[in-house]
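Asker: The residues making up each chain are set out below.
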Amino acid sequence: MSTPPGQFSRVLATLDLPGLARAGERADDAAVRAVLDRHRGGGRLTLADLAVLLSPAATARLEELATAARAATLARFGRAVRLFAPLYVSNACLSSCTYCGFAKGLPVVRRTLSVDEAEAEARLLADRGFRHVLLVSGEHRIEVSADYLAAVVERLRPMFPAISIETQTWSDDTYARLVAAGLLGAVHYQETYDRARYREVHVAGWKRDFDRRLSSFERAAAAGVRRLGLGVLLGLAVDWRADVLALAAHASFLSRRYWRTEVTAALPRIRPNAAGFPPVVEVDDAEFVQIHAALRLYEPDLDLSLSTREPPAMRDGLVRIAVTTMSAGSSTEPGGYSRPGAAGEQFTISDERPPAEIAAMLVAAGYDPVWKDAFPLVAT
Amino acid sequence: MTAPVTTPATAAADAADDGRGELDEAVGAVVRAAADEPFRVGDHTFTSRLMVGTGKFGSHQVMRDALVASGAEIVTVALRRVDLDRAGEGDILDFVPPGVALLPNTSGAVSAEEAHRLARLGRAATGTSLVKLEVTPDPRTLAPDPVETLRAAELLVADGFTVLPYCPADPVLCRRLEEAGCATVMPLGSWIGSNRGLRTRDALEAIIDSAGVPVVVDAGIGVPSDAAEAMEIGAAAVLVNTAIAVATDPVAMARAFALATVAGRLGYLAGRGAVGPATRAEASSPLTGFLSGLPTAPAAP
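Residue numbers (the working numbering), protein chains in the order written: chain A, 22 to 401; chain B, 5 to 305.
For reference, chain A alone in the conformation it holds in the complex (with noise of 0.2 Å):
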């Protein structure tokens, strides 16, 4: 592919997200009421238009919002719902970033799972239904190396047609490897994308490079990974409206640059962990619905992924409005599906209720839970 990488970091030096975000924040109701006018006129929203349906004046229109996110929803994904299961396979890390529980020299137990273990772990996930898994590990290139990571994919290739990765970010070449392993996806959240906080909170390691975390989607999609996961941390930069802007123009700029692939997000609100970290500011339930709302609005093909750190009324609330991807019964330790307890988890999460009971509630609001929703991309 002919892009060269970092291309959106200079996209993102042209927009003045804070300054979009403030004047955003000042909209009245007739602003309101005029972008979701444009919107139901079948225009396309821009960054400013977003920034509005963010503001407290939006907030008074929730349920407007909220209906018009429903109806999008539903035109470009149906009553359909995607469920996939976290993997953790390592919480080893060598990044120490204040906000996580896996953080380097945090005093938790750290364990990295063998093949064998990831496999058996796996096994659990499938036998609970789960035909999509995402392998999810701390930042360390020597526990979880890019031979460690081919070799549980391959493993895991003949029981999940989807696979995908919450790891470090790579090089193309590794990239390119992971593909040809069988791997669909790669989720790398940018956490903040105010470069002043994101320096603030990742104090060493790998991850600390902003531009090269900002940059690893160009590389991987370039190198075929097919399904790009964007997502922000609310609760690590006060300004959290302008980072839901930077996140929406991320995934406008990957799904116009790289068309051939497609862009899921996430906005984890910060959970308990053993980092202990406060949230710097609280994104409220109305706001958190009217963020995914927005974002639906603004980008209609946008899969919106919701994990279980969100309590059952917020998950199944926000099923109905914007959510299209959805964890379940997720255990965020390395082996803790077959033994949990022994080593430490990332965050505590919020949403207990077991797979069948999550698929169960989807059919009872009218919605098909599906397991399966890719094939192979290698042979078996």
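Just so you know, these hints were derived from the structure itself, not from any lab. A few of these clues could be false.
[Claimed, not checked] Partial list, derived from the structure: chain A residues whose beta carbon lies under 10 Å from chain B:
hint	residue
1	Val-284
2	Tyr-388
3	Trp-392
4	Lys-393
5	Asp-394
6	Phe-396
7	Leu-398
[What the hints assert, rightly or not] What follows is a list of derived Cβ distance ranges for each label pair:
hint	chain 1	residue 1	chain 2	residue 2	range
8	B	Ala-282	A	Arg-61	27 to 33 Å
9	B	Ala-282	A	Leu-83	45 to 51 Å
10	A	Arg-61	B	Gly-293	48 to 54 Å
11	A	Arg-65	B	Asp-163	37 to 43 Å
12	A	Arg-43	B	Asp-163	58 to 64 Å
13	A	Asp-58	B	Pro-102	44 to 50 Å
14	B	Val-151	A	Arg-61	34 to 40 Å
[What the hints assert, rightly or not] Here are some of the chain B residues that sit facing chain A, going by a computed Cβ distance under 8 Å:
hint	residue
15	Lys-60
16	His-64
17	Leu-83
18	Arg-144
19	Thr-246
For every residue, glycine included, the Cβ atom is placed at its ideal position computed from N, Cα and C.
Put chain B on the given structure of chain A with help from the hints.
Answerer: Just chain B now, kept in the frame of chain A:
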């Protein structure tokens, strides 16, 4: 190969009689009276000209009920959604009514090779060599890739498949697909799932005019009148999915599409009159009709 020409699906709908059975009977009588020829796909023949998809439904049960109500004899299923490990335990294939022909599709494939591999998996799993070819590398428009679709069609035909390709509404590409040995062509009316109707109508008319294989209008059909419109301009069949799946009442919408498809087909067979200019009417009673009422003029001396 034998094909289902009776529809247990319709019989099942009649069995669950809520007053609709009589309607189905009446429609069936009209169709038979029209002495329509069967709809042929390769070696298969069908009575119904409405094909339906299985995506986006809120549940497999609703999907099944809608399929039954539609009277469709061909149902397309995305192979990426099929899980053979779950056969008999609630997999989507378990909900396809008996007697309905299964048309596996290669949705999700982004290249000819992927579509070929997926089609082979599908044939091994389902036993049918029918395949709806979909090569859609752009996840946003799901627009078919004309280059890869043609390449895939050549690979699949050579491998013994009966190929029904989803394709752009392009008359030349449709001819090329026909030359490649496809059993039908399936040009789009508008983007998949958009419910925007026949935005490609001029191109569809040109395709229908020149095609030597059945033309099935696929994608974009949003309301029953769109299906009727496609049939009126001479489409051999229509394929509908989203419009039924996301309707408030999918079962009722499936029935509406069944009726509209038949109505459009009958309208086509009946032969429409010429389209007049926008600026003047053509009187239903001829203006010179009075001449015949006048006494015969005396012969010239």
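Asker: Need the list of violated hint numbers for this structure, in ascending order.
Answerer: The structure breaks none of the hints.
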